[in-house]
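J.: Okay, here's what each chain looks like letter by letter:
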Amino acid sequence: MSAKLERLCRQLKESFGDRIGEPTINHGEVTVVVPAAGYLEVMRQLRDDPAFRFEQLMDLSGIDYSDFTAYQGLRYAAVSQLLSLTHNWRLQVKAFAADDEFPVLESVVDIWNVANWYEREAFDLYGIHFEGHPDLRRILTDYGFVGHPFRKDFPISGYVEMRYDPEQQRVIYQPVTIEPREVTPRIVREENYGKGGRG
Amino acid sequence: MADVRNYTLNFGPQHPAAHGVLRLVLELDGEVIVRADPHIGLLHRGTEKLAETRTWLQTLPYLDRLDYTSMLPSEHAYCLAVERLLGVEVPIRAQYIRVMYDEIARIKNHLLNIGTHALDIGAMTMVLYTFREREDLFDVFEATCGIRMHQAYYRPGGVYRDLPDQMPKYQENRFKNAQTVKELNEARNGTLLDFLEDFTNRFPVYLDEYHTLLTDNRIWKQRTVGIGVVSPERALQLGFSGAMLRGSGIEWDLRKKQPYEVYDRLDFDIPVGVNGDTYDRYLVRMEEMAQSNRIIKQCIDWLRKNPGPVISDDHKVAPPRREKMKGSMEELIHHFKLFSEGMYVPPGEVYAAIEHPKGEMAVWAVSDGANKPYRIKLHTAGIPHLAATDEMCRGHMLADATAVIGTIDLVLGDVDR
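Taken in sequence, the protein lines are chains A and B. For the first sequence, position 167 (counting from the first letter as 1) is numbered 167 according to our numbering, and the numbering increases by one without interruption. For the second sequence, position 377 (counting from the first letter as 1) is numbered 377 according to our numbering, and the numbering increases by one without interruption.
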C-alpha cells in the first residue's frame with residue numbers, strides 16, 4: 001500500500017511542482033496543501049488527469065485552526081477527501097482561506113456537483129464563503145440563525161434559546177439561561193509526560 | 001382560459017413518508033415535480049461540536065444517535081479512526097465480532113429500508129414481515145450489551161465485552177402459556193452464537209418470502225421501475241456510495257476494495273445493478289442481505305473455534321479487567337485516569353471510512369494531542385444521497401417523491417448529525 005501512496009506523492013510533485021505544497025503520508029493517507037490562488041485548477045486537474053482520476057469528492061469540510069495547540073497560521077481551511085475508483089486511492093486536499101476576517105475560497109461545485117451541500121455546510125458552520133457557488137444558503141442551522149456555530153469562539157451553549165411563551169402565545173427567542181460548564185478540562189500533555197522514570 | 005401556474009407544496013417536516021423530520025419544498029406543475037428543495041437540519045444536534053467538548057471515549061455513544069437504524073457501523077468508523085491515530089492493535093477476535101455485528105446491522109438496516117419503503121408506496125404487509133426478523137436481531141443486541149438500539153458496544157481497542165453464553169428466554173405469563181413459551185424458546189436454549197446460527201439458517205427462507213411478496217409484484221414494479229434513474233456518470237458526480245452507487249452499475253464496495261478488519265479473509269460477493277433505478281437498488285439491497293447472511297455464518301464458525309481477548313490490553317486506551325482493578329494499585333490508577341481525564345491521542349489526522357449499510361460512512365478525526373478531539377467531521381452517506389433528491393425527483397409525479405425518498409434509505413439523524 002505504501003509503495004502505491006509514494007507513487008501518488010511522486011506523481012503529484014511531478015505534475016504540479018510548486019503549485020501545491022509538499023505531499024505528506026500519515027497513517028496511510030496522503031495529504032496535500034493547496035494555496036487558495038490556484039485551488040480550482042489543481043482540483044480540476046486532479047479529477048481529469050488520467051494519472052490521478054479522482055472521480056469522486058467524498059467529503060468537504062471546514063475547520064477552524066484558531067485553538068490548535070502550538071499552531072500559527074491561517075485560521076480557516078476547507079478540507080476535501082478525494083477518492084479515485086480507477087486507481088483505488090484517496091487524497092486529502094487542504095486549502096486555507098487567505099483572510100481570517102473574511103474567509104473566501106473558490107467553489108468546486110462545477111467539478112464535483114456533490115460539493116453543493118458540503119460547501120453550504122462549511123459556510124453555515126464556519127462562515128467560509130465559496131465564490132461561484134450557485135446557492136450559498138445556510139443548511140443545518142435554524143432559519144434566521146446568526147453566527148457560525150462551529151467556530152472555536154462560539155460557545156457550546158450558543159447565545160439564544162427558544163421557548164413557548166404562554167402570554168404571547170407563540171414561540172420566542174431569548175438569551176440563553178444555562179451556564180456553560182466543563183466537567184473534564186481539555187488538557188494537552190507536555191512531551192515526555194510520564195516518561196521521566198519516576199513512576 | 002384558466003390561469004395555470006406552478007405551486008409550492010410542503011412535504012413534511014412531520015410526514016410519515018419523510019422518514020424523520022425532513023422538510024421537502026416541492027415546486028409542482030400540476031402533479032409533476034419541477035423542483036425539490038430539501039430543508040434539513042431540523043434534527044441537527046451539533047454532534048461534531050459536542051465531540052470537541054467530550055473526551056475521546058465520551059464521544060462514542062453520540063455516534064449511535066447518528067443513524068439510529070444501524071448504529072454499530074457508525075461506532076465502527078469512529079473506533080477505527082481513534083485506533084489508527086493511537087496505533088493500537090485490535091485483537092483478532094474483536095475484529096471478527098465487529099464484522100459480524102456490522103453485517104447484522106446491515107441486514108437490520110435493509111430490512112427496515114425495504115419494509116418501510118414498501119409501506120410508503122402502498123404495500124402494507126412488508127413491514128410486518130421485516131419487523132418480525134428485526135425483532136430477533138434486536139434480541140441479539142440486547143443479549144450482547146444490554147441495549148436494543150444504542151449499543152455503545154465497540155470501543156477503541158476492541159469491543160466492550162465478549163459474547164454471552166446464553167440468550168434471554170421468554171417466560172410464562174397471562175398471554176403466553178407453557179406450550180407457546182416452549183416453542184418460542186426453542187432456539188434460545190444454547191449460546192448467542194447458536195441463536196444467531198439458527199437465525200442465519202432461517203433467514204434465506206424469509207428472503208424468499210420477501211421476493212415472493214415484492215420482486216415480481218406488478219404494483220411494486222410499476223412504482224419502482226424507471227423511477228429515480230441515476231446514470232453511473234451522474235452517480236460519481238453526485239458523490240454516491242454504497243447501494244446507491246452499486247445500483248447504478250458501478251462495482252465499488254469498501255469491504256472488497258479497501259478491506260478493513262477481517263473482510264479480506266471472508267468470502268462474499270458484491271451485487272451490482274444495471275439500470276440505476278429504484279427497482280435495481282431494491283434488488284441490490286435484497287442480495288446484500290443474502291451476502292451478509294453468508295458473512296455472519298463464516299464469522300460464527302470462526303468465533304466458535306477461536307476464543308481469546310476481545311479488547312486491547314493497552315490500559316492507556318482500554319480499561320483493565322474489573323477483578324484485576326480490585327487487587328492492583330496500578331490498574332486502579334489506569335481505570336481512574338481513563339474514565340476521568342480520558343485517553344491522550346497523538347496529534348494527527350485520520351479519515352477512516354467504512355462500508356456502512358447506507359454507503360460510505362467516515363470519520364475525519366483531527367487531534368492536537370489533547371484528551372479531546374480537536375475536530376470530528378462525520379461524513380455520512382445520507383447527505384449526498386439526499387442532496388440528489390432534486391435531480392432524482394425532477395419530472396416525476398408527486399407520488400414518486402416518496403419512492404425516491406424510500407430508495408435513498410434516508411435517516412435524518414444521519415443527515416443532520
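Treat the hints with caution; some may be incorrect.
[Unchecked claim] When the alpha-carbon atoms are kept at most 20 Å apart in a straight line, the in silico SDA-like pairs for lysine to any residue are as follows: (1) A:K152 x B:H211; (2) A:K4 x B:K316; (3) A:K152 x B:F195; (4) B:K257 x A:E6; (5) B:K256 x A:V188; (6) B:K49 x A:K4; (7) B:K256 x A:L85; (8) B:K316 x A:E167; (9) B:K169 x B:E186; (10) B:K169 x B:H211; (11) B:K257 x A:A3; (12) A:K152 x A:V188; (13) B:K257 x A:V30; (14) B:K49 x A:E6.
[Stated by the list, open to error] If you only want the chain A side, here are some residues facing chain B, beta carbon under 10 Å, derived: (15) T31; (16) T69; (17) Q72; (18) L74; (19) V79; (20) V114.
Don't read these hints as lab results, they were simulated from the structure. Just so you know, these numbers come straight off a predicted model, no measurement behind them. Positions of the beta carbon are idealized from the N, C-alpha and C atoms, including for glycine.
J.: Against this structure, judge whether each hint is valid.
T.: Going down the list of hints, with the structure as the test:
1. A:K152 x B:H211: Given that 20 Å is the threshold and the Cα spacing comes to 52 Å, the pair is violated.
2. A:K4 x B:K316: violated, 33 Å
3. A:K152 x B:F195: Violated, at roughly 49 Å.
4. B:K257 x A:E6: Holds - the C-alpha atoms of A:E6 and B:K257 are around 19 Å apart, at most 20 Å.
5. B:K256 x A:V188: violated, 38 Å
6. B:K49 x A:K4: violated, 35 Å
7. B:K256 x A:L85: holds, 12 Å
8. B:K316 x A:E167: Roughly 54 Å between the alpha carbons, so the hint for B:K316 and A:E167 is violated.
9. B:K169 x B:E186: OK: B:K169 and B:E186 at ~9 Å, within 20 Å.
10. B:K169 x B:H211: violated, 31 Å
11. B:K257 x A:A3: Holds - the C-alpha atoms of A:A3 and B:K257 are around 17 Å apart, at most 20 Å.
12. A:K152 x A:V188: holds, 17 Å
13. B:K257 x A:V30: holds, 18 Å
14. B:K49 x A:E6: Distance ~34 Å between B:K49 and A:E6 Cα, so the pair is violated.
15. T31: holds, 7 Å
16. T69: Since the shortest Cβ distance to chain B is 4 Å, the answer is holds.
17. Q72: violated, 13 Å
18. L74: A:L74 check fails; min Cβ-Cβ to chain B is 15 Å, beyond 10 Å.
19. V79: Result: holds, 7 Å to nearest chain B Cβ.
20. V114: holds, 3 Å
Checked against the numbered hints above, the structure violates hints 1, 2, 3, 5, 6, 8, 10, 14, 17, 18; every other hint is satisfied.
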